[in-house]
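Undergrad: Single-letter residue listing:
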Amino acid sequence: MNFPAFSNHSAKRCPEDDVLLDYTAGRLEPAKAALFERHADGCARCASLRTMQAEVWTSLDAWKPEPVSAGFNRELWRRIDAIRSPSWSERLAAAVHFSVWKRVAPLAVAAALVVTAFVFDHSANQPATSAGQTNSAMVVTATQADQLEQTLDDMQLLHAVDAEVAAAKPAHSAM
Amino acid sequence: MEAVTALDLDAQLMLRVRDGDDDSFRVLLEKHRNPLNHFLQRMVQDAGASEELAQEVFLRIYKSRGSYEPQAKFTTWMFRIASHLALNWLRDERHERAAARLDAKFGDDRGGELPARELRDRSATVEEGMVYETRLQEIRDSIASLPAKQRAAVLMHKYEEMEYSQIAHVLECSESAVKSLLFRAYETLRARLAHLAMGA
Numbered sequence: 034m035n036f037p038a039f040s041n042h043s044a045k046r047c048p049e050d051d052v053l054l055d056y057t058a059g060r061l062e063p064a065k066a067a068l069f070e071r072h073a074d075g076c077a078r079c080a081s082l083r084t085m086q087a088e089v090w091t092s093l094d095a096w097k098p099e100p101v102s103a104g105f106n107r108e109l110w111r112r113i114d115a116i117r118s119p120s121w122s123e124r125l126a127a128a129v130h131f132s133v134w135k136r137v138a139p140l141a142v143a144a145a146l147v148v149t150a151f152v153f154d155h156s157a158n159q160p161a162t163s164a165g166q167t168n169s170a171m172v173v174t175a176t177q178a179d180q181l182e183q184t185l186d187d188m189q190l191l192h193a194v195d196a197e198v199a200a201a202k203p204a205h206s207a208m
Numbered sequence: 014m015e016a017v018t019a020l021d022l023d024a025q026l027m028l029r030v031r032d033g034d035d036d037s038f039r040v041l042l043e044k045h046r047n048p049l050n051h052f053l054q055r056m057v058q059d060a061g062a063s064e065e066l067a068q069e070v071f072l073r074i075y076k077s078r079g080s081y082e083p084q085a086k087f088t089t090w091m092f093r094i095a096s097h098l099a100l101n102w103l104r105d106e107r108h109e110r111a112a113a114r115l116d117a118k119f120g121d122d123r124g125g126e127l128p129a130r131e132l133r134d135r136s137a138t139v140e141e142g143m144v145y146e147t148r149l150q151e152i153r154d155s156i157a158s159l160p161a162k163q164r165a166a167v168l169m170h171k172y173e174e175m176e177y178s179q180i181a182h183v184l185e186c187s188e189s190a191v192k193s194l195l196f197r198a199y200e201t202l203r204a205r206l207a208h209l210a211m212g213a
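If you're matching them up, the sequences are chains D and S in order. Per our numbering, the first sequence starts with residue 34, numbered consecutively. Per our numbering, the second sequence starts with residue 14, numbered consecutively.
Bound conformation, chain D alone (with noise of 0.2 angstroms):
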């Protein structure tokens, strides 16, 4: 706290605002209220200050509230119970309550992008699927083909050898 004025006792130099509002209040410290009263003495304005001061205080203290009725904590506690219980519109509200979604928003929306895109596959393969099966069919009815080809030259190339061979016994037998 400043005092700058009680050094001189000057009234040029009077205290700091807060020092009268505390001497007032009676805060001030006993050294420095004593200081602040010999200033007072010989300075009109601060002597005039601590009066009028002095006076709003004692007004002040004749304000006296009117007393809190008697219903106030039961009011309060019945206001409290309301928060403890929410109402089941409450809870729904709470349940569905922004932040709440916030939190989970990155993940569901995650989850319907996977979801969308599984059922998007499924239902762009189904035909790409029989497709593939026709083309397979008809893939593995061209090898059969092919091996069936291939099986009946072999047969025909056996036939050949069993002639050849069959011409050929006579004439060792005649030897």
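Quick caveat, the hints were computed from the structure, so don't treat them as lab data. Hints should not be assumed to be uniformly reliable.
[Unchecked claim] Below 25 angstroms or equal to it, Euclidean Cα-Cα: the simulated SDA-like pairs (lysine to any residue) are:
hint	chain 1	residue 1	chain 2	residue 2
1	S	Lys44	D	Lys65
2	S	Lys44	S	Glu82
3	S	Lys192	D	Trp96
4	D	Lys65	S	Glu173
5	D	Lys65	S	Glu188
[To be verified] Selected chain S positions facing chain D (Cβ under 7 angstroms, derived; list incomplete):
hint	residue
6	Asn47
7	Leu72
8	Ile74
9	Ile152
10	Lys171
11	Arg203
12	Leu206
Backbone N, C-alpha and C fix where the C-beta goes; we use that ideal spot for every residue, glycine too.
Please build the complex by placing chain S on the supplied structure of chain D, with the hints as guidance.
TA: Same frame as chain D, but now just chain S:
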């Protein structure tokens, strides 16, 4: 941020409330109900509204118990909530008009209650009661004439005996700003109430 080196009793009680102890909340309620209500009554000058606001303060305290951290004195926190609510209430023009209407009604219907009670208490005469009523109304009007923030500062300084630093924390301004608010407010009150002192 207000330094809280050692937890005050209220903060300790509030920590217990945070842990689910409603009895500690009851203790806080009993301890601070009247000072809080008186502050709000002098701020808004409407007994019904001040009780409503006081309930709202306690309700907000209870609602935020889960996240309570004793970073400042409990009363600083409580009066900060109360000041915010009262300043908002006063800022609301509808409430200003309603208060004016209620004040007029109060003057007619309830203005006689206090002096009458005081008369019984003091065994004073009717004339003295009327003088007291006039004086009280002048004080109420003088306080009501102050800008809301000056009013809050004066009420906390005068009636709640708060330090400048605590008022600064409640009103979220600097200590020097509080001193300035107070000095301007008391200057106005000295000018408005001087005639009361001279007549006393």
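Undergrad: A separate judgement is required for each hint: does it hold in the structure or not?
TA: Verification of the supplied hints:
1. S:Lys44 - D:Lys65: Violated, at roughly 33 angstroms.
2. S:Lys44 - S:Glu82: holds, 20 angstroms
3. S:Lys192 - D:Trp96: Given that 25 angstroms is the threshold and the Cα spacing comes to 23 angstroms, the pair holds.
4. D:Lys65 - S:Glu173: Between D:Lys65 and S:Glu173 the Cα gap is close to 23 angstroms, so the pair holds against 25 angstroms.
5. D:Lys65 - S:Glu188: Satisfied, since the Cα-Cα distance of roughly 20 angstroms is no more than 25 angstroms.
6. Asn47: With a minimum Cβ separation of about 6 angstroms from chain D (threshold 7 angstroms), the hint on S:Asn47 holds.
7. Leu72: holds, 6 angstroms
8. Ile74: Since the shortest Cβ distance to chain D is 10 angstroms, the answer is violated.
9. Ile152: holds, 5 angstroms
10. Lys171: holds, 5 angstroms
11. Arg203: holds, 4 angstroms
12. Leu206: holds, 5 angstroms
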